[in-house]
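J.: Fit chains B and C to the supplied structure of chain A, relying on the hints for placement.
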Amino acid sequence: MNAILTMPEMAVTALALGLLVLDLWTPADRKGDLGIAAIGGLALILAGSFLFGAGAPQYAFGGMYVLDGMALFFKRLMLGVGVVALAAALEYSKRFAAGTAEYCALILLAVSGMMWAASANHWALLFVSVELMTVTFYVLVSFERTRMPSLEAGVKYLILGALASAFLVYGVALVFGGTGTLGFAGDSGPGLGTGSVLVRVGLALVLAGLGFKIGMVPCQFWAPDVYQGAPAPTAALLAAGSKAAGFALLLRVLLEAAPDWALEMRPVLMLIAGASILYGNLCAIPQRNLKRLLGYSSIAHAGYMLLGIVVLERAGAAAILFYLAGYACAVLAAFLVAALAFDPGEPEEIPALAGLHRRSPYLAAALALSMISLAGIPPLVGFFGKFLLLKGVVLAAFDSRSFGWLAGVALAGIVTSFYYYFGVVRAIYWSAPAAERPPIAVSRVAGAALGACLVGIVAAGVFPSPLLEAARLAAGALRIP
Amino acid sequence: MITAHHYLAVAAMLFGIGLAGALTRRNSILVLMSIELMLNAANLNLVAFGRQAGWEQGSQAALWVMCAIAIAAAESGVGLALILAIYRHRRSAHLDESPPLKG
Amino acid sequence: MASWTIYLSFIGAALLLAVRPRDMRWVRGLALGTALAGLVLGLAAAARYPADPAAPLIVLARARWIPSLGIEYYLAADGISLTLVVLTGIASVAGVLFSWNVERRAAEYFALYLALIGGVYGVFLSFDWFLLFVFYEVAIVPKYFLIAIWGSTRREYGAMKLALYSLVGSALVLVGMLAAYGVSGGQTFNLIELARGGFSSGFQTWAFPVVFVGFAVLAGIWPLHTWAPTGHVAAPTAASMLLAGVVMKLGAYGALRVGMMLFPQGAMVWRPLFAGLGVIGILYGACVALVQRDFKFVIGYSSVSHMGFVLLGLMTLNATGVGGAVMQMFSHGIIAGLLFAVVGRMVYDRMHTRDLADLEGMALNRVLPFAGLTFAVACAASMGVPGFSGFISELLVVIGAWKAFPPLAVLAGVGIVAGAAYTLRVLQKSFFGDHPRAPVEEMGRGQGLTWPERAGAVLLMAATVVVGLYPSLLLDIIMPSLQASWMQAMLKGGQG
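Chains as they are written, first to last, in the numbering used here: chain A, 96 to 576; chain B, 8 to 110; chain C, 1073 to 1568.
Possibly wrong hints are sitting among the right ones.
Pulled a few chain A residues facing chain C out of the computed Cβ check, cut under 10 Å [said to hold, decoys possible]: (1) PRO473; (2) PRO474; (3) PHE479; (4) VAL489; (5) LEU490; (6) GLY499; (7) ILE509; (8) PHE517; (9) VAL520; (10) TYR524; (11) PRO528; (12) PRO559; (13) SER560.
Think of the hints as simulated: they come from the structure by calculation, not from any bench. Fair warning: this is a prediction, and the values are worked out from it, not measured in the lab. For every residue, glycine included, the Cβ atom is placed at its ideal position computed from N, Cα and C.
Next up, chain A with everything else stripped away, as it sits in the complex (with noise of 0.2 Å):
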């Protein structure tokens, strides 16, 4: 047993528990110190995970938990992602009645899922650790149950995600029985072979029941709609935590458990690829609500990622940590101040952002940047995240002409992509607002954690090598045969 090594997911699981016992012995003016205090354990935690060196992998629990490079790669990243969605919760939540202890404990279990996650080497913690997330998100997405808005997102997300569930675990099921174990590893090496119809029936049905958690086509259609209706933060932990965990899953499935299958699938696979591209960037255009647009634009960029899956190859993994951890700075700075420059109540309508450059320069500014580098237009991180992705396709179009096309087809999106993104820097800065409205005051925490997001977008972009290098090194410990 090397229990001490799920000591992060552990800590992040009793700092939730030890939060909602705490919360029943403190005063209603001091819960906000609470959310403090969760922040500054899961900071210390992040920076506990780097007493853990990358070396060679180690297992827990007979090998259903993995701790590699890229486990902990991605246990970084969702614990960066957790501290910034505690600290837009704790802004956020001074507009619910009550409940800010919870809210951030849901949160804290939520990234504990996703760290199970990212150490997932068997069906059953696969399962278990998709469900602690799934169903922490029901609740978080609802969170505002007097709003009718965040209730229907809560309904629709919990629906198609029970869907999806059941045919995670239904094909879960059907490669149990075609290969008569639940490990991810065969008893002939390292893949499960796709010897039988059932492991590649039940392998589709896995992929669907990821696909949900990615928002890939055609399993997108919670995105939207979630995204609007979700507290900001939620939707936040949301676009950067729960799709890195997703893609965590789908590149150990994929790559590691089932590479012969992701071979065999890789014209579908592509096709999934350009279909979300597609998709996302063509209904995002006329959106004019900015956490909606959001949401489309969340299914084009698990589009994009999914190009470093296609290549089947580690450079491509590496370019999809690379890029998550992009899109997570600038997803996440975009969700905070969806969740400061709006009244309680009001829709995040796009129009209501004009004006914003004179009620707070320091949002305005974030916004912009987060869209630029979403649009991925240089030096900002999101640029080269893209660069790396079509390096992989266009290489992989010398081999196979249908490569050619995908790359077509990403490229056309990232150029309709600019249309929506610069619609809404134009808005923040260029519109003339309908009537003037007061300034905005930004506290302390959100200011520096909207400050971590931003010196990340601006860093990685302009010195993309150490983030480079880690996602290297992260996407090495794949053990690709």
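T.: Chains B and C alone, transformed into the frame defined by chain A:
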């Protein structure tokens, strides 16, 4: 003689019925129940396969089924609470009455 | 030192955004100072070039940037880069002077303006393809917002059209870049090493048109030129000066520096097509300019026509033609700046119309005599009257084309005549209309030209006259760069 194939067939039927229900029903409680059917179809599969795979793997599968049942219960718990919250607002548990889903 | 042109521009932009001086004098002073410093640095570097004829490349900065992909931060300059750096310096100083009357959110305006300039300098000085691409993209954001916010006629449409055309072009360039990187072994983006390594002729045959068209979109190659007239018309004066004067050169420079330098055999295969497109651009731009009613559209289409000469010159693949093309880039940059300054700033800001039929009745040469003089000089240079820069550059292009494609050279000659026709027409209609509808004294009241306008106009006029009288000033730095070993492969094919 009842073989694993029979169990598989029953599970596939359950899954199909559940899926059909989840896609066609408009009452959110019925949809949740349909999804439970789908989860149970998977559980049935697992148990059947586990029996076939021998003691060690079979016990793993059985443990998994326990986990899955517990998780499904948690899911329904949260789901029903949510539906209740919506019902308080709207006096209806029908999904149709949500504003049309914008494309 | 020349690399400081880039840094100073970005520092100036950042300062303006960070400090946002209340006092307009500080804003303008900072912008003008930054632009002037860039011009001085560029001139100083050009004056010392070539220090050593055996080493036609001056390395300005070289450091490893992203080692695992072989990407370098590699700034260097040869005569072609320096010519365009000097052009950028002149155009940016003149642009600031002609933006003196921008009052609305001036700090942001000048910050975006300087950021655009910084990106442009960066493209001209990069010898690493990835770095060049980054600077190329950096320039897109400011030019979009300069037009979308401070522009005039259909500005959002013009800005978006320009941005989307540029992005489509960059997408093509990106594909070519990644393919070339992969084919060359995935070790380097260094342009000179890539050129030395060489590519198989099969690869060049498909990579050349992709990269060349990708860049040439921004150079206004027919039939992808349509962003240019709408973009120029929509942009505020200084931005259209920069668009026509400098940004279009980014495209032509990229097509030369990357497309032709790396894929010389591909250029040989495709040059009849692109030379033909260049000539179509010359004639098409001239013919459309001949029938426009909007003063600014005339100038916009004249840019398409003049850039056709650049493309034709590049596609001659001989030293005369390519050297002429680079001269033409410089010359058109100056002349387009002058023309747009007169139309957008001197005339439109005072008369509030650009309709030639209206202007005909205003006797502008008597209302604004200095503007009339400026415009006459600009038109003379634009027509290619000897003594101005346009003459020598178009002459070189036509001579080069005569060696390569005699029929096209004849058509280009026809284009020069057509250019004279529309230029004379617009000159006559705009400034020398005979029938003033109101007393001249009344129209001209309080509308004299300000000193920044005069200074900017003098600067640009001086540039075109000096280069026109002493073309060797530029030719002496352009021609040695064409002798560099990595340019020779490109020029070998074009001697016939």
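J.: Next, verify each hint and record whether it holds.
T.: Do the hints match the structure? See the list:
no.: 1; hint: PRO473; in the structure: holds, 4 Å
no.: 2; hint: PRO474; in the structure: holds, 6 Å
no.: 3; hint: PHE479; in the structure: holds, 8 Å
no.: 4; hint: VAL489; in the structure: holds, 4 Å
no.: 5; hint: LEU490; in the structure: holds, 4 Å
no.: 6; hint: GLY499; in the structure: holds, 9 Å
no.: 7; hint: ILE509; in the structure: holds, 7 Å
no.: 8; hint: PHE517; in the structure: holds, 7 Å
no.: 9; hint: VAL520; in the structure: holds, 8 Å
no.: 10; hint: TYR524; in the structure: holds, 8 Å
no.: 11; hint: PRO528; in the structure: violated, 14 Å
no.: 12; hint: PRO559; in the structure: holds, 6 Å
no.: 13; hint: SER560; in the structure: holds, 5 Å
In this structure, only the earlier hint numbered 11 is contradicted, and the remaining ones agree with it.
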